[in-house]
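The listed protein sequences derive, respectively, from chains G and V.
Add 16 to the 1-based position in the first sequence for our numbering, that's all there is to it.
Add 16 to the 1-based position in the second sequence for our numbering, that's all there is to it.
Identical chains share a label here; the pair holds if one copy fits it or two copies do between them.
Below, simulated SDA-like cross-link-like pairs (lysine to any residue); rule was C-alpha separation at most 25 Å, straight line: (1) 133 x 235; (2) 91 x 48; (3) 161 x 66; (4) 129 x 73; (5) 161 x 125; (6) 161 x 231; (7) 173 x 189; (8) 171 x 188; (9) 173 x 66; (10) 133 x 160; (11) 113 x 236; (12) 133 x 147; (13) 161 x 47; (14) 129 x 164; (15) 171 x 69; (16) 231 x 194; (17) 231 x 203; (18) 231 x 196.
Hints listed in this document are in silico derivations from the structure and should not be mistaken for laboratory results.
Please read all numbers here as calculations on a predicted model, not as lab measurements.
2 protein chains.
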Amino acid sequence: MAKGAGMIEPNMATMLSFWVTDADIPSEELQSMLKRVVDKSFNRLSIDTDTSTSDTVAIMANGLAGPVDLVAFEKALTEGAIDMAKQIVADGEGATKLIEVVVSEAIDEEQAKVMAKSVVNSPLVKTAVHGADANWGRVAMALGKTFDTRLNPEKVKISFGEHTVYEEGAPTGIEDEPVESYMKQADEVTISIQLGLGTAESTVWGCDLTEDYIKINALYRT
Amino acid sequence: MAKGAGMIEPNMATMLSFWVTDADIPSEELQSMLKRVVDKSFNRLSIDTDTSTSDTVAIMANGLAGPVDLVAFEKALTEGAIDMAKQIVADGEGATKLIEVVVSEAIDEEQAKVMAKSVVNSPLVKTAVHGADANWGRVAMALGKTFDTRLNPEKVKISFGEHTVYEEGAPTGIEDEPVESYMKQADEVTISIQLGLGTAESTVWGCDLTEDYIKINALYRT
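The following block holds chain G by itself, in its conformation from the complex:
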């Protein structure tokens, strides 16, 4: 179960997620597993950068089914949590498109995550996606505003879906068709960024920024 992105008192978007299993997993093991899973799923979504005071993910196991293969269990739990996280984002206030940002070829996972979050949280990237524009300039700006001097623009490659729009320090010139049809039709827009620096990777999820988000959050008293 997961519930998110709605308006509750005192007007914050709150995320609640509860999991139950009949697997027999010791409490400590389950807790550390849940932390790893949350770090790969719920902690990688962002509706509007604002953080609720009451976000909660909890898991309960009654042990009825006996011991289980922990590796397989964690894999299934991760997949379920990512699926749930993406549903929360797609259901975000005013959202019309889910945005998946995949940063790869980073020096380490932290760098990949910081870059991916900067892109998915940029209001200019979010509005560009809303306007179905494969705007590589805004993606490059969002990478640049992290002030990570290890970035090399000549090595960065930016793609929307399967369409590479920027590589080797310059736009590829295919900004219009067919990437435009992709941007217009996709309910889930994937922005892939290869940094060309290493082998680490991180994926985060967000949504577009729309007039309905403003209506919901500015005009809720009228």
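Chain G is fixed; fit chain V onto it per the hints.
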């Protein structure tokens, strides 16, 4: 002269500011003075959290007027720069209200600045101001999401204009009138936050987040 918040290729909001004086001030002195001034003015404004690659502030002195009182000069330059920074914010894309966030009683200036920026950049605070709602819950959320554990909610005081809406760990109950008239009528909304921890202070400026911001940045190609 200062120019900002417009759309230029590649679709970033770019800020340019050029200053000229006939005072005779050595180049090194003028440069370090400008850095101090910019840190108190232009570096404290935010339209939408996105950072342009080409923001520029420059000052040129031809020396014609001879030596000047440096303290008085810096004071005048700071006032001019703050005035210009506020004009840029008020002219931000889609903006209808300027937001001034003053954080005082902080442990140090860095803490005050981080808190103030978190509030002024929060989409939920920005939309609340657009909707003329003195929403202390969203301000408290923005303070909380800095994860600064030195904060003590019991000591925090939040005011909109002269109207204190939260203190001693609870809302004061005057959320409606007269603070509502203030929020509706003010072109410049001041949010004051006293942390109750020390004596440091910081002021930043931003603007509300409106449907016009979305229109300008999502539908620019249609």
